[in-house]
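Colleague: Each chain, written out:
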Amino acid sequence: MSADTNPLENDLANPPVDGSELIRFDKVTKRFGANTVLDELDFSVASGKHVTLIGPSGSGKTTILRLLMTLTRPDEGTIKVNGDYLTHEDKNGRLVPAGEKHIREVRKNIGMVFQQFNLFPNMKVLRNITEAPVTVLGLSKDEAEERARELLDMVGLADRCDAYPTQLSGGQQQRVAIARALAMRPQVLLLDEVTSALDPELVAGVLDVLRDIARTTDITMLCVTHEMNFARDISDQVLMFDSGRVIESGTPEKIFGDPEQERTREFLSAVL
Amino acid sequence: MNWDWSAVADFMPAFWDGVLTTLQALVLGSLISFTLGLVWAIAFRAPARFIRWPVGLITEFIRNTPLLVQLFFLFFVLPEWGIQFSALTTGIVAIGLHYSTYTAQVYRAGIEAVPAGQWEAATALSLPGRRTWFAVILPQAFRRVVPALGNYVISMLKDTPLLMSIGVLEMLQQARLQGASTFQYTEPLTVVGLAFIVIAYPASLLLRALERRLVR
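For the record, the sequence lines run as chains A and B. For the first sequence, full-length UniProt numbering gives the first residue as 1, with consecutive numbering after it. For the second sequence, full-length UniProt numbering gives the first residue as 1, with consecutive numbering after it.
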């Protein structure tokens with residue numbers, strides 16, 4: 001891929017890359033029954049940064065992504081995206097649960113790639129990518145298709161426009177899912193264990209695409225992954241989770257090279 | 001007992017009228033049950049409880065009372081309130097309404113079988129609710145429910161003779177009238193019995209072909 005044909009370079013999202021705060025969790029608590037998954041969690045992500053969440057399963061990493069995507073709602077606390085409350089609205093100085101319209105508006109800044117791809121099996125690859133830009137952003141069919149083809153080219157699947165998702169390998173499906181998320185020009189891309197459901201030989205192709213995006217765009221990334229090498233490669237910051245709290249954060253060099261917490265050391269020695 | 005071909009020939013004009021009426025009841029009844037059933041199924045998942053509960057109650061009520069009772073009710077009781085349709089229209093509405101409560105359950109199962117990830121992907125792309133239903137969820141659900149819907153079409157066909165109870169001149173009623181006037185019941189009833197098979201069997205073949213096309 002040559003630099004002058006990179007479809008993301010010019011028009012993707014145009015996020016502010018001044019390092020201003022893009023995402024903020026403020027005392028967010030999430031319970032499932034008696035189980036407290038997130039416990040008064042505070043953390044923030046600066047725009048343009050690539051942040052990776054690591055930690056044992058059940059430590060609340062995926063829940064953070066699901067809260068941001070509004071697939072589940074916090075029990076307490078607030079989440080801000082770009083300075084706007086995500087699931088709350090400020091009504092005469094009082095915070096009240098937000099209406100659907102407000103949530104949609106804030107959520108448009110966020111895109112997500114899922115562990116199980118979740119492509120729409122009833123639509124061809126191209127329409128999977130153009131559906132939302134046309135119906136949500138109001139792009140014309142031609143504009144949306146042109147852009148979809150550029151994105152497919154970027155993920156190395158320019159020739160599979162007319163395939164149905166089930167005709168593709170898992171790795172190819174996941175690359176289409178990445179293109180689909182990017183087509184909405186989000187400021188933040190959430191990556192939820194995007195290689196966990198893939199056969200080992202297909203993982204590299206997907207990670208290469210993500211490395212490309214991380215290197216060539218200003219998009220903010222929030223990843224949950226068990227691929228520690230990938231995390232080390234692309235992250236500006238790594239957050240170590242345990243029992244619903246961030247127990248340690250720092251640069252990948254710091255976390256992977258010289259972690260402070262005993263718990264982090266145990267976790268890393270188990271997964272590396 | 002002797003088989004009399006001339007009795008068959010005599011029955012033909014009335015028989016074809018009956019076939020037409022039966023097919024009319026079947027096709028329109030199916031259309032009503034398919035559409036109305038879908039409305040019920042979507043209402044089952046309405047966020048508002050004041051929609052879900054009444055719809056659940058009404059459909060359970062209809063599903064658990066006999067079609068014949070509903071037929072009589074629509075035909076004999078509604079006119080007392082000033083609502084009156086022809087016998088055939090009443091029959092079509094009754095069959096469609098009754099079977100819509102079955103197709104609603106079929107749709108419900110089909111909708112529930114669509115993986116949660118599909119709803120989540122639609123949310124992540126901010127697709128509006130209507131678009132999520134009609135572009136993502138229902139096309140996938142339909143594919144799964146065609147065989148079950150097909151069975152109800154066959155079942156509806158076999159319930160059309162109930163319409164004779166309110167005076168609709170469908171196939172069986174034509175045969176009965178023919179028998180009553182000629183005292184030859186064997187030929188008309190045999191012809192009608194065969195006609196049910198001749199309609200039902202190709203219909204089920206057609207459905208199977210459709211099923212093969214849809215299940216990818």
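If you are wondering where the hints come from, they were derived from the structure by calculation, not from laboratory data. Computed from a predicted structure; not experimentally measured. Worth double-checking, as some hints may not be accurate.
Cβ-Cβ distance ranges computed for the label pairs, FRET-style [unchecked claim]:
(1) A203(B) <-> E146(A): 42 to 48 Å
(2) A209(B) <-> N35(A): 45 to 51 Å
(3) W53(B) <-> K141(A): 46 to 52 Å
(4) G138(A) <-> P147(B): 25 to 31 Å
(5) A113(B) <-> G138(A): 22 to 28 Å
(6) P147(B) <-> E262(A): 54 to 60 Å
(7) R265(A) <-> P115(B): 56 to 62 Å
(8) D17(B) <-> G170(A): 58 to 64 Å
(9) G138(A) <-> N151(B): 53 to 59 Å
(10) K27(A) <-> A48(B): 27 to 33 Å
Glycine included, C-beta positions come from ideal geometry on N, C-alpha and C.
Colleague: Each hint: holds or not?
Modeller: Going down the list of hints, with the structure as the test:
For A203(B) and E146(A), the Cβ-Cβ distance of about 45 Å falls inside the hinted range of 42 to 48 Å, so the restraint holds. The hinted window of 45 to 51 Å between A209(B) and N35(A) holds, with their beta carbons roughly 50 Å apart. Range check, W53(B) to K141(A): Cβ separation about 41 Å, and the 46 to 52 Å hint is violated. Between G138(A) and P147(B) the C-beta distance comes to about 39 Å, which lies outside the given range of 25 to 31 Å.
Between A113(B) and G138(A) the CB atoms are about 32 Å apart, so this pair departs from the stated range of 22 to 28 Å. One distance hint, 54 to 60 Å for the beta-carbon pair P147(B) and E262(A), holds here, with the actual separation near 58 Å. Between R265(A) and P115(B) the C-beta distance comes to about 38 Å, which lies outside the given range of 56 to 62 Å. Under the hint 58 to 64 Å, the C-beta atoms of D17(B) and G170(A), about 59 Å apart, fit the expected range.
Range check, G138(A) to N151(B): about 43 Å between beta-carbon atoms, so the 53 to 59 Å window is missed. Between K27(A) and A48(B), the C-beta spacing of about 31 Å keeps the proposed range 27 to 33 Å intact.
Violated hints, in rising order: 3, 4, 5, 7 and 9; the structure is consistent with all others.
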